[in-house]
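Trainee: Model the full structure from these sequences, guided by the hints.
From first to last, the protein sequence lines are chains A and B.
All the letters of the first sequence, read from the start, carry residue numbers 1 to 559 under this note's numbering.
All the letters of the second sequence, read from the start, carry residue numbers 1001 to 1221 under this note's numbering.
Honestly, I wouldn't trust all of these hints.
[What the hints assert, rightly or not] Which residues of chain A face chain B? A few of them, derived with a C-beta cut under 8 Å, are:
| hint | residue |
| --- | --- |
| 1 | D381 |
| 2 | Q384 |
| 3 | S389 |
| 4 | M392 |
| 5 | G395 |
| 6 | I422 |
| 7 | A438 |
| 8 | D439 |
| 9 | A448 |
| 10 | R451 |
| 11 | A454 |
| 12 | P456 |
[To be verified] Ranges between beta-carbon positions, derived for each pair:
| hint | chain 1 | residue 1 | chain 2 | residue 2 | range |
| --- | --- | --- | --- | --- | --- |
| 13 | B | P1057 | A | S231 | 47 to 57 Å |
| 14 | A | R430 | B | E1032 | 18 to 28 Å |
| 15 | B | P1057 | A | P544 | 44 to 54 Å |
| 16 | B | S1042 | A | I375 | 35 to 45 Å |
| 17 | A | R359 | B | A1218 | 43 to 53 Å |
| 18 | A | L468 | B | D1203 | 50 to 60 Å |
| 19 | B | L1011 | A | R430 | 15 to 25 Å |
| 20 | B | A1185 | A | D464 | 46 to 56 Å |
| 21 | A | A282 | B | A1218 | 47 to 57 Å |
It should be emphasised that the hints constitute simulated quantities derived from the structure, not laboratory data.
Since the structure is predicted, the reported quantities are computational estimates derived from the model, not experimental observations.
Built from N, CA and C at the ideal position, the CB exists for glycine as well.
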Amino acid sequence: MLLLVSTSAPSPVWTRWSRDLLFHLAGCVTATFGLVLWCTLVPLSLGLAITFFGLVVAVASLLACRWFARVERRRAAIVLGAPIAERYAPAPDARWTARLRALLGDATTWRDFAWTGLAGVVALPLSGLAVTLWGLVAGFVTLPAWYWTLPDAADVGVWEIGSLPRALAVAVVGVILVPVTGYLVRGLTIVEVEIMRWILTPRRDDTPADEGAPAVPGDATPGRVLALPLSLHVSFALLICTVVGIIWIATGFGHYFWPIWVWLPLGLTVAIGVVVVRAQEAPPSQTRALRAHGEFWVAISAFLVSIWLVAGAGTFWPFFAILSFAIIWAVHAIFALRDRLPLGAREQQLAERVDVLTRTRRGALDVQAAELRRIERDLHDGAQARLVSLTMQLGRAEERVADQPELAALLRGAREDAGLAIAELRDLARGIAPPILADRGLAAAIEALGRRSAIPVTVDADPDQRPLPVVETAAYFVVAEALTNVAKHAGGAAARVRVLRAGDDLVVEIADDGPGGANPAGGGLTGLRHRVEALDGTLTVTSPPGGGTTIRAELPCGP
Amino acid sequence: MRAVIVEDSVLLREGIVALLRENGIDVVAQAEDGPGLERIVSGHKPDVAICDVRLPPTFSDEGLRAAIEARKRHPGLGVLILSQYVEPVYTAELLASGEAGVGYLLKERVGDVRGFIEAVERVAAGGTALDREVVAELMRARLAGGADDGAIAALTPREREVLELMAEGRSNAAVARALVVSGGAVEKHVRNIFGKLDLPASDDDHRRVLAVLAFLRAGAA
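Mentor: Written as structure tokens, this is what we have:
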């Protein structure tokens, strides 16, 4: 449970419990608000979708969700000590369409949207339960002060309270229940705040443009961190279920089975906890999101159906809720799995053809890269070695005819020509397969490029990166060409080269602080683009006038 | 003087051996791979080892690694690296690997017999022999790295020439010969250079070379 305490020294138990209570009190208010927000604005946007006004309302809803999520991140600070990290993509200073695209393309927007919807079904029951528990305990403890205001023979909980001794007895029970409640609420807090963190914390892969940002706490701690709170949660839930069951047996066995109203919501929170843990344990993917989403709706539907059964199984009212869940999930599924929808015969043929072409092109490129390295080695061991040997023999001959200046001059001329041929072969070999790349790998080769460049270059590359030779060579030449361009067009500028992995891609980025305004269709850049695109990669050039130039190549290195 | 050679191409190895013997250098052993270097160096205790960068079995920078290792194990051994390429990273590693004589030359420099023999002798005697391409790379890195405070820019073109020749490892007398000027003129240039670069003055050629190299590498690192 200390997982949640961000400071190293654990705070006193009372501070923690009062913070938990404050967190849940605030949660009752904000979650209700979130629920209202989601339940009004979403249907409103959908209802107005066919008019332009629908778009306006949809954007307004998303902005409202963002605002709500920011409040919620700060609410988590009550127990975490610091708000949950937030990282919105910067809003471009451009036309409203670009701003809109940035808003819709920002994963954080959708995290916020999801939490706004979930607040009502996750935070509200959890926080509501927590506040109710503390309310009951407070009622018990203070009962001697106000029991006389109760009408005759009123019951508090399960006993009839009519006299001071009885009220005092209840107060004693209340005092005993304080630590129990404290720990129970602690468990509820952990579940709620972990779900909040899971949904609201930005991930590295949210915005690939920004890997430089510091890792978010909690980022690298999937699955197992949640498993402990989950088992605590389950044991607390079982404990409460048993306690209310015993109370029912002791007080009104055979009468209406009211504990079911405790069991069902607790069961729902446990089910949601299980869904969250399962999702955290799987590697991030579209399928995982879809599965977690589906399981979540199934849990809620099961809850609703159980209520329907317990409440007498009349008209099957959960139908409408389940139908809307199914529609939401189906829309998600279509978006997530649209690549896997069954194809027509023609499309099937084309898809197979694309597969074959992709494979063979990749194979051809691999062969070509290996071939180039072989040519480089042949040059080194063959022509270059012979020319060096020739130079040497010419030099020795020159020494022997030192007394015949004319002959010596002739030999020296021949030797110098051979030297030029060697230099030309060297440049050629370096151009097809730079030896340092084969010897030392990409990071070292790029470092070497940086040193050789006529401008100051800082390099940030992971030396353990050893992608396939063909990818490595492409990355190397992107950097080489880009640095040459910077030196040529942005004299006096400094450049920064970054090489990193983003998922299955190798990302190479060269940024300079020169005058910008580069022409993306320029000769050098087009050549680079072809090299990158042959590997199914993308090359983007950002070069606003006066704002420096950034060239970014993303090269797939997946299987 | 006793030398050993490590080179996998028979053609080149035989040629260099002949060249060295003609010029009175005793080639005591030959090898063709990295482990071979260690074997003949510990077996024959030569003054200098001449070694190709690219050697079997990996055909990458095997020779360089073996040479650096040998320099560490045998203090006092001069190491002269021959390569088809100038690679500043390799030069920097080599220079950082020990105090004794060290050299890095492009292979075609063996054609300039007198220059090559001079370089071998210098390295064997504990001096330095760097290819002019290596020096040019160091100079470029110093200027581009942003570390230079304008000291190099303050040099006259002639002083820069002298600086580059010194960085190759040449003595004052050799610099004078190369530029076809008097020894006194070179002395004067050297004094000016050391003044402008704020380097400690010294009468010893070798120390001066080391000071110049340290200055250039400070910007390149």
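Trainee: Min Cβ distance, P456 of chain A to chain B: is it shorter than 8 Å?
Mentor: holds (4 Å)
Trainee: Falls inside 46 to 56 Å, the C-beta gap from A1185 of chain B to D464 of chain A?
Mentor: holds (53 Å)
Trainee: Is the gap between the beta carbons of L1011 of chain B and R430 of chain A within 15 to 25 Å?
Mentor: Given a distance of about 23 Å, which is inside 15 to 25 Å, the answer is holds.
Trainee: Against chain B, with CB atoms and a cut of 8 Å, does the hint on D381 of chain A hold up?
Mentor: holds (7 Å)
Trainee: Should the hint that P1057 of chain B and S231 of chain A are 47 to 57 Å apart at their CB atoms be regarded as holding?
Mentor: Once the Cβ atoms are compared, 55 Å apart, the range 47 to 57 Å for S231 of chain A and P1057 of chain B holds.
Trainee: Under the criterion of a CB-CB separation shorter than 8 Å, is A448 of chain A in contact with chain B as hinted?
Mentor: At 5 Å from the nearest chain B Cβ, A448 of chain A passes the 8 Å test, so the hint holds.
Trainee: Does the Cβ distance between L468 of chain A and D1203 of chain B fall inside 50 to 60 Å?
Mentor: holds (56 Å)
Trainee: Taking the beta carbons of P1057 of chain B and P544 of chain A, is their distance inside 44 to 54 Å?
Mentor: For P1057 of chain B and P544 of chain A the Cβ distance comes to about 51 Å; the hint holds.
Trainee: Could you say whether the range 35 to 45 Å given as a hint is met by the Cβ separation of S1042 of chain B and I375 of chain A?
Mentor: Cβ of S1042 of chain B to Cβ of I375 of chain A: about 37 Å, so the range 35 to 45 Å holds.
Trainee: Range hint 43 to 53 Å: satisfied by the CB atoms of R359 of chain A and A1218 of chain B?
Mentor: holds (51 Å)
Trainee: May I ask you to test the interface hint for R451 of chain A with respect to chain B, counting a Cβ-Cβ separation under 8 Å as satisfied?
Mentor: holds (5 Å)
Trainee: Hint M392 of chain A vs chain B: min CB-CB distance below 8 Å?
Mentor: Holds, about 5 Å.
Of the hints listed earlier, there is not a single one the structure fails to meet.
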